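Chain order of the listed sequences is A and B.
Position one of the first sequence corresponds to residue 7 (the numbering used here), numbered consecutively onward.
Position one of the second sequence corresponds to residue 405 (the numbering used here), numbered consecutively onward.
Think of the hints as simulated: they come from the structure by calculation, not from any bench.
Just so it is clear, the structure is predicted and the values come from calculations on it, not from any experiment.
Please note: incorrect hints may appear among the correct ones.
[As the list claims (entries may be wrong)] Here are the in silico distance ranges between beta carbons for each label pair:
| hint | chain 1 | residue 1 | chain 2 | residue 2 | range |
| --- | --- | --- | --- | --- | --- |
| 1 | B | I685 | A | K268 | 46 to 56 Å |
| 2 | A | V31 | B | A722 | 51 to 61 Å |
| 3 | B | I670 | A | E328 | 56 to 66 Å |
| 4 | A | V31 | B | Q562 | 48 to 58 Å |
| 5 | B | Q615 | A | K268 | 37 to 47 Å |
| 6 | B | G565 | A | G35 | 33 to 43 Å |
Backbone N, C-alpha and C fix where the C-beta goes; we use that ideal spot for every residue, glycine too.
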Amino acid sequence: MSRRGIVKSGFIRSLDLKHGRIEMVHGSGGRAMAQLIHQLFLTAFDNEYLRKMNDQACFQSFNGRMVMSTDSHVITPLFFPGGDIGSLSVHGTINDIAMSGAKPSYLAASFILEEGFPLSDLKCIVDSMANAAQAAQVPIVTGDTKVVEKGSGDGVFITTTGIGMVPEGINISSENARPGDKILVSGTLGDHGIAIMALRENLSFHTSIESDTAALHDLVADMITAVPDIHVLRDPTRGGVATALNEIASQSSVGMMLYENKLPIREQVYAACEFLGLDPLYIANEGNLIAICTAEDSTNLLNVMRAHPLGENAAIIGEIIEDSHCFVQMQTRFGGKRVVDWLSGEQLPRIC
Amino acid sequence: MKYIDEFRTGTLAQKIAAKIASEVSLQRDYHFMEFCGGHTHAISRFGIIDLLPENVHMIHGPGCPVCVLPIGRVENAIRLTQTPRLILCSYSDMLRIPTASGMSLLKAKAQGADVRIVYSSSDAIKIAQKNPQHQVVFFAIGFETTTPPTAVAIRQAQALGLNNFTVFCNHVLTPSAISHILQSAEVRQLGIVPLDGFIGPAHVSVVIGSQPYKYFAEEFQKPVVIAGFEPLDVMQAILMLIHQINTGRAEVENEFTRAVLPTGNIKAQELVAEIFELRRIFEWRGLGLVPYSALKIKSCYADFDAEQRFQIPTLSIADNKACECGAILRGVKRPQDCKIFGTVCTPENPIGSCMVSSEGACAAHYSYGRFRERNHSSMKEN
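Chain A with its partners taken away, still in its complex shape (with noise of 0.2 Å):
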């Protein structure tokens, strides 16, 4: 096998990505699986690492601590306004590997494909994939594709891993929330699960919103600069913002009260969720996060989030409380209180 990353000259015809699709030989480990891994995968997320064309990704080991994350990704409708499940899967575990305080070092993608999914529109994907690495400046240096029987997939799904390095001093963990702490969030509430929905074939609506699928790593490196002492990150995807402080909560043992005139959601979120009968609060996220930091380092932490451009709609949504029962309360903007529970049943399936 050539140790150059480039489209080899002995595969006699060139893959047709205009019209061509997944065969079950692009995964016997054949000649037609190597035309597949050169045409498509290496040119697109081409690196040093990947050019050595190992069964391993080989590099330096850092000093210090590491955090590693994995990530699988089952979306329909694979492609949606704002991104698709290329950038998506890039995006979900930057972020996951990010929400240690970590600055994300490399990823590792993994493929299931389904017999007769397109050519073009894998090549889309991986593109996509390729682009929001790059422009994340996390490299994907190892991979792995695998084909299935038509009717045993769904097109396709896409596992990424990653690992990370995490600063020296952060010690961020969903157990370090206290009493008195002040939860913010970095941006609007719902904004993919709405996109996503607005495309469902028994749902369909037309909708201006789109995915806020980002890589959050940038935004979070500029916040822990500021702030080192932040207690909790954390992303809130599926089951939204609700489920990921319920999760918070019972992780530190606190209680939480949250304020319903403080939530940044967009208006045509809002109005989709009134006529679905949804709670933005539970709507998936997945270029948002939630942060939970000292009261007093709270305004610091805010203005240094929207200061960055993916947390211009930053908001202080609540704060911790002692409840030994783990509550997550809002204050209603009607005058009330409630609990805000975790999310229960599917809102939503197959949403990233």
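Once you've looked at the hints, dock chain B against the given chain A.
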């Protein structure tokens, strides 16, 4: 959001709360039943209880379509899914209702049954068109609000000449349920359920109008205030009910004037009358057998009646013994009075139907209000 925020304004809520506080007599208690699950949901979601004086009590009524459907009908639907090449369509909450054996449509689906969630009856028509080799059954539930769309679906199916589409009809009637509650021993003789007035249905009244409630106000001397589902509607209706009681009146008043006419939606009523007729008797969960309280498909539309096509039998299956859904639906008990509330029965693992739908009294209290019972026995596990 325009036309929504106006009905959720906190400052106006405080003003109505102050009026209620000045209007109530401290010499007595006020017990009002909100019939509809939509009101129950609004009361819980917006924390309306926090804005009411302590002597104003809200009793959750049986107006949650998922909650009142007896287990036998759910069992019928599950058995129906075992028919080869049959697609059962229904609204999502229906899928989670457990039967006595713990089975549900969702579990049947996991075991291979073809069960589809639809958002409207017309989705079921589309599924029937796309699957001509399959029988498509629409599991229709709900009060007067969801009945006209089912009627439209049957008319559509007829116009399209669909011979693979039928409706398993479970539509029920609000006035019959209110009568049944008012005539129950608990309200009339025993006084277990003190009931001073009703918050009347919102969307149901858009269809049937305000006239059908006059009977309750006159015969039973209970004031009825029809109210919208927004929190300010509910607050205003409570104020109007208190005012009626304090002035010794028992009338039907309409707070929801922006949508409800005295005569309702005549066109929808005519459509329903064309397709459906009264059932002599129908079982309600919690209320038992209630005469003339439900609809069935007229014999001239029998081709679209799943009960006819699939010979669906009448099944009467008892509720789980520990479950208090029946008493809760009649207003005799509150969710927190049930021993299994919040322990064995939760939204994730509902035992009773009131824990399934977000409009169910138990689910609403569990999801939004249970912080009020921190020291209640049902919270012991914490």
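Starting from the range 51 to 61 Å, see whether the pair V31 of chain A and A722 of chain B falls in it by beta-carbon distance. holds, 59 Å
Indicate whether the distance between the beta carbons of I685 of chain B and K268 of chain A respects the range 46 to 56 Å. With Cβ atoms ~53 Å apart, the hint holds.
Supplied distance hint 37 to 47 Å, evaluated on CB atoms of Q615 of chain B and K268 of chain A: The hint (37 to 47 Å, Cβ to Cβ) holds, given that Q615 of chain B and K268 of chain A are roughly 45 Å apart.
Honestly, do I670 of chain B and E328 of chain A meet the 56 to 66 Å range at C-beta? holds, 58 Å
For G565 of chain B and G35 of chain A, compare the CB-CB distance with the range 33 to 43 Å and indicate the outcome. violated, 53 Å
Outcome for the supplied range 48 to 58 Å, where the beta carbon pair is V31 of chain A and Q562 of chain B: Check passed, 51 Å falls within 48 to 58 Å.
Taken one by one, the earlier hints fail for this structure only at number 6.
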